[in-house]
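Student: Please construct the entire structure, taking both the sequences and the accompanying hints into account.
Below are the chains, spelled out letter by letter.
There are 2 protein chains.
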Amino acid sequence: MAKDFSSREENYSQWYNELVVKADLAENSAVRGCMVIKPYGYAIWEKMQAALDKMFKDTGHSNAYFPLFIPKSFFSREADHVEGFAKECAVVTHYRLKKDPNGNGIVVDDEAKLEEELIVRPTSETIIWDTYKNWIQSYRDLPVLINQWANVVRWEMRTRLFLRTAEFLWQEGHTAHATEQEAIEETIQMMNVYAEFAENWLAMPVLKGVKSPNERFAGALDTYCIEALMQDGKALQAGTSHFLGQNFAKAFGVQYLNKENKLTYVWATSWGVSTRLIGALIMTHSDDHGLVLPPKLAPIQVVIIPIYKKEEQLIQISEKIEPIIHKLREKGIAVKYDNRDTYKPGWKFNEYEFKGVPIRLAIGPRDLENGTVEIARRDTLEKEIIPIEGITENIEYLLAEIQKNLFDKALAFRTQNTFKADTWEEFKDMLENKKGFILAHWDGTAETEQKIKEETKATIRLIPFDGDEEGQCIYSGKPSKKRVVFALSY
Amino acid sequence: MAKDFSSREENYSQWYNELVVKADLAENSAVRGCMVIKPYGYAIWEKMQAALDKMFKDTGHSNAYFPLFIPKSFFSREADHVEGFAKECAVVTHYRLKKDPNGNGIVVDDEAKLEEELIVRPTSETIIWDTYKNWIQSYRDLPVLINQWANVVRWEMRTRLFLRTAEFLWQEGHTAHATEQEAIEETIQMMNVYAEFAENWLAMPVLKGVKSPNERFAGALDTYCIEALMQDGKALQAGTSHFLGQNFAKAFGVQYLNKENKLTYVWATSWGVSTRLIGALIMTHSDDHGLVLPPKLAPIQVVIIPIYKKEEQLIQISEKIEPIIHKLREKGIAVKYDNRDTYKPGWKFNEYEFKGVPIRLAIGPRDLENGTVEIARRDTLEKEIIPIEGITENIEYLLAEIQKNLFDKALAFRTQNTFKADTWEEFKDMLENKKGFILAHWDGTAETEQKIKEETKATIRLIPFDGDEEGQCIYSGKPSKKRVVFALSY
Chain A
670 MAKDFSSREE NYSQWYNELV VKADLAENSA VRGCMVIKPY GYAIWEKMQA
720 ALDKMFKDTG HSNAYFPLFI PKSFFSREAD HVEGFAKECA VVTHYRLKKD
770 PNGNGIVVDD EAKLEEELIV RPTSETIIWD TYKNWIQSYR DLPVLINQWA
820 NVVRWEMRTR LFLRTAEFLW QEGHTAHATE QEAIEETIQM MNVYAEFAEN
870 WLAMPVLKGV KSPNERFAGA LDTYCIEALM QDGKALQAGT SHFLGQNFAK
920 AFGVQYLNKE NKLTYVWATS WGVSTRLIGA LIMTHSDDHG LVLPPKLAPI
970 QVVIIPIYKK EEQLIQISEK IEPIIHKLRE KGIAVKYDNR DTYKPGWKFN
1020 EYEFKGVPIR LAIGPRDLEN GTVEIARRDT LEKEIIPIEG ITENIEYLLA
1070 EIQKNLFDKA LAFRTQNTFK ADTWEEFKDM LENKKGFILA HWDGTAETEQ
1120 KIKEETKATI RLIPFDGDEE GQCIYSGKPS KKRVVFALSY
Chain B
670 MAKDFSSREE NYSQWYNELV VKADLAENSA VRGCMVIKPY GYAIWEKMQA
720 ALDKMFKDTG HSNAYFPLFI PKSFFSREAD HVEGFAKECA VVTHYRLKKD
770 PNGNGIVVDD EAKLEEELIV RPTSETIIWD TYKNWIQSYR DLPVLINQWA
820 NVVRWEMRTR LFLRTAEFLW QEGHTAHATE QEAIEETIQM MNVYAEFAEN
870 WLAMPVLKGV KSPNERFAGA LDTYCIEALM QDGKALQAGT SHFLGQNFAK
920 AFGVQYLNKE NKLTYVWATS WGVSTRLIGA LIMTHSDDHG LVLPPKLAPI
970 QVVIIPIYKK EEQLIQISEK IEPIIHKLRE KGIAVKYDNR DTYKPGWKFN
1020 EYEFKGVPIR LAIGPRDLEN GTVEIARRDT LEKEIIPIEG ITENIEYLLA
1070 EIQKNLFDKA LAFRTQNTFK ADTWEEFKDM LENKKGFILA HWDGTAETEQ
1120 KIKEETKATI RLIPFDGDEE GQCIYSGKPS KKRVVFALSY
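As you go down the protein sequences, you meet chains A and B in turn.
Converting from the first sequence to the numbering used here requires adding 669 to each position, the first position being numbered 1.
Converting from the second sequence to the numbering used here requires adding 669 to each position, the first position being numbered 1.
These are computed hints drawn from the structure, not numbers from a lab.
Check each hint, because a few of them may be wrong.
As the list makes no split between identical chains, a pair holds if one copy fits it or if it spans any two.
Straight-line Cα separation of at most 27 Å, DSSO-like style, residue types lysine-lysine; simulated pairs [unchecked claim]:
1. Lys768 - Lys782
2. Lys802 - Lys691
3. Lys1089 - Lys931
4. Lys726 - Lys989
5. Lys996 - Lys723
6. Lys1120 - Lys919
7. Lys1000 - Lys965
8. Lys1017 - Lys1089
9. Lys1104 - Lys1089
10. Lys1073 - Lys919
11. Lys1120 - Lys1151
12. Lys716 - Lys726
13. Lys1000 - Lys1126
14. Lys756 - Lys782
15. Lys782 - Lys978
A quick note: this is a predicted structure, and the numbers were derived from the prediction, not measured.
Tutor: Right under this line is the structure:
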């Protein structure tokens, strides 16, 4: 399977595209820019959803569902917001088809034109804040802590599976608070939830910080984010949490009576992660042999492949394996026993290696005699013959070990690819020859940021919370209070 | 809370609408026909999803995700299908907004017109079968057993929360099989899964059968269904499972090489249930005091309300209650301890009664002295003082008892409201004065079915699998092999 597959060295972008398709994660659909998420890819998303959903609920949030469509007029209420999204909106204008009177199949019925066009949601702040207006009257109605799992549409011109698609799946949290302080705490809390999820589940180390004004969400006062470094040295924004101030409350007239019986505008946050995380997952761990999955998100954690020539051998192997499968499942480990006779063991080895299954067991007649099994781990590609006695404990331990190893490896990669640049020449040289995260001083102005972007394509990925080493802006030479993180990015 | 609430007797339809809104399940949004599903309503949907999803996976299905949009030309490929859905399609024609050059806010950018219009999916057969074309080449690729959780849009003119909305949430299974036999078995299996879910989880008895040709899904050869009887004597279609034959395989050119190396068209099924089930749930069990929920789907199964005057009493009650809450949660029981001081106990009693929480515990200082607690069950409204000793076992038993009681009550209602009509006069009289399910003979023709519908609004809800009592059609007098089920319906 892997032989007609590009290496990262040869062509990183092609490597990614081929991997997504050949590992059965997703494919392009007949609809421009929209993807089909195949069962194996969707199973990863389901695992992500389950883990995140629990974290959201543990921090007091509930799920709800708001309309797919947003009236055009709602969209225009918050000026920055509409400015940010107008250029990529799918617009519904009619609500009926009819037979073409000239016999040319089916056409849009011009008589069924909507009075006001509807936008397919690119994000739901406007429709949600229009709804909150009716839910929030008193301080007793606050906070409102709601999350939505949904599809959204942003009409991107250049799309790539998982990383940038016209339609994608995501969750969007939308909360309403009595005070500014509480809203900011919520924003930071959710950034931390995302960071914890990225590191503990995706085994993907992330930097935390705030965006520069240029990179903020359209309508936010502050955007907190987590950023990860991909194997080609480009950064990927993996999650954002926005402090929206009172912008949407004012645009939609959402006020509450506080304990002093005074009408006050509500404070807002919103936060989201999407199926883009699957792209991040792939680019953090996978190699030239295909996908590598952290055990906690792998749809199949252990695959068992019988090696046999005669039917009776298969029966003997299956008898030996059954209680092991049972014990593994009792421990909550997702195990697949692939005893299909339509494929040969070698084909299966390639298949599961390419699909990133963390642990592979192979067992043949000689193993039965010796009481052994061959165990192979996907992350290091190491193989070993081990006793079948105590195998379930061994596997449990190894899954945790692989999860940790993947994180450590990714962290080492990031450390090796994080640089400090002190001059403009050094900065440009690093971007060209090293890539990675570049810590450099910046004078804090949008103009400088814009010029750096124009000249190098690099953007400020985030402004870290810590760091107080003063210096001079690499571009303007003006004073700077701390280094910020630059990178080329997805 | 319940005092400004209509009774079923007064105005059934208003009772339903008010209940949905006042129990915080859902509300109409600013977008015509689209609902907002509020956290309490959505929590019921999440419980439904979890139970169904497990049943789908246990029967070998995987989840995947297909595009929201369907190119107009795909839609026209299967003639009956487009005929069935053309009149209710939301159509995307443009992909950009811009500032009005005349300064009138934001307008659709005419230069961003799509070459081919996109339909917001009303159901996904066409886009999915276009995808399956690339997935299925050989008998080894079959069966394909996929389910999708998604939102769909059908532009209904008259909408009602949960029962009929322009956008709704659902699952749609789409399977591909090598043989006709296997596809029919799948269709029947999924109807049985739905029936089991309806009866065991919603506590809602259902009839199983097939639809008459008039009532079939657009593009199906046979539609299997489950039908439930609501408290106003009208039927509600609660789930459908379609045998699609080779219609979609032929429309999209999906063929496979069978074991004899011969190209053969694939056989298809599709099946779905939606948020409409929440409407069915409400109308099956609820009463003039508000919502009644079967324990298996109740977001809160037990609510505990402390009765106290002094802060120290609350502390004592809380100390007594903590270990009980802990034990209940260990048993997987969803319990809420409402110790808010912003609302009085009486207000809380009304609130949870209206929201259908199956069991309510109240505990005050006197209970502490006596080692007792007041327990109230929502289904019968009975209250009792019981010892706090052994309370968790008592609650566990009672939840099962309530689940069973609700089913039994609904079954008894259906039995009382199922009638046999042998003449046209009797039939019309029953529809007018009794409603319910009416078993009557029908001559099997679409003409007769249509005329009965025109004259009485009643439709054939299903043709049962059993029954071989011969007779004469109530309308035409022609011979009939068995009775079918007529009813007015949602």
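Student: Out of the numbered hints, which ones does the structure contradict?
Tutor: Going through the list in order, the structure violates hints 3, 6, 8, 10, 13 and 15 and respects the others.
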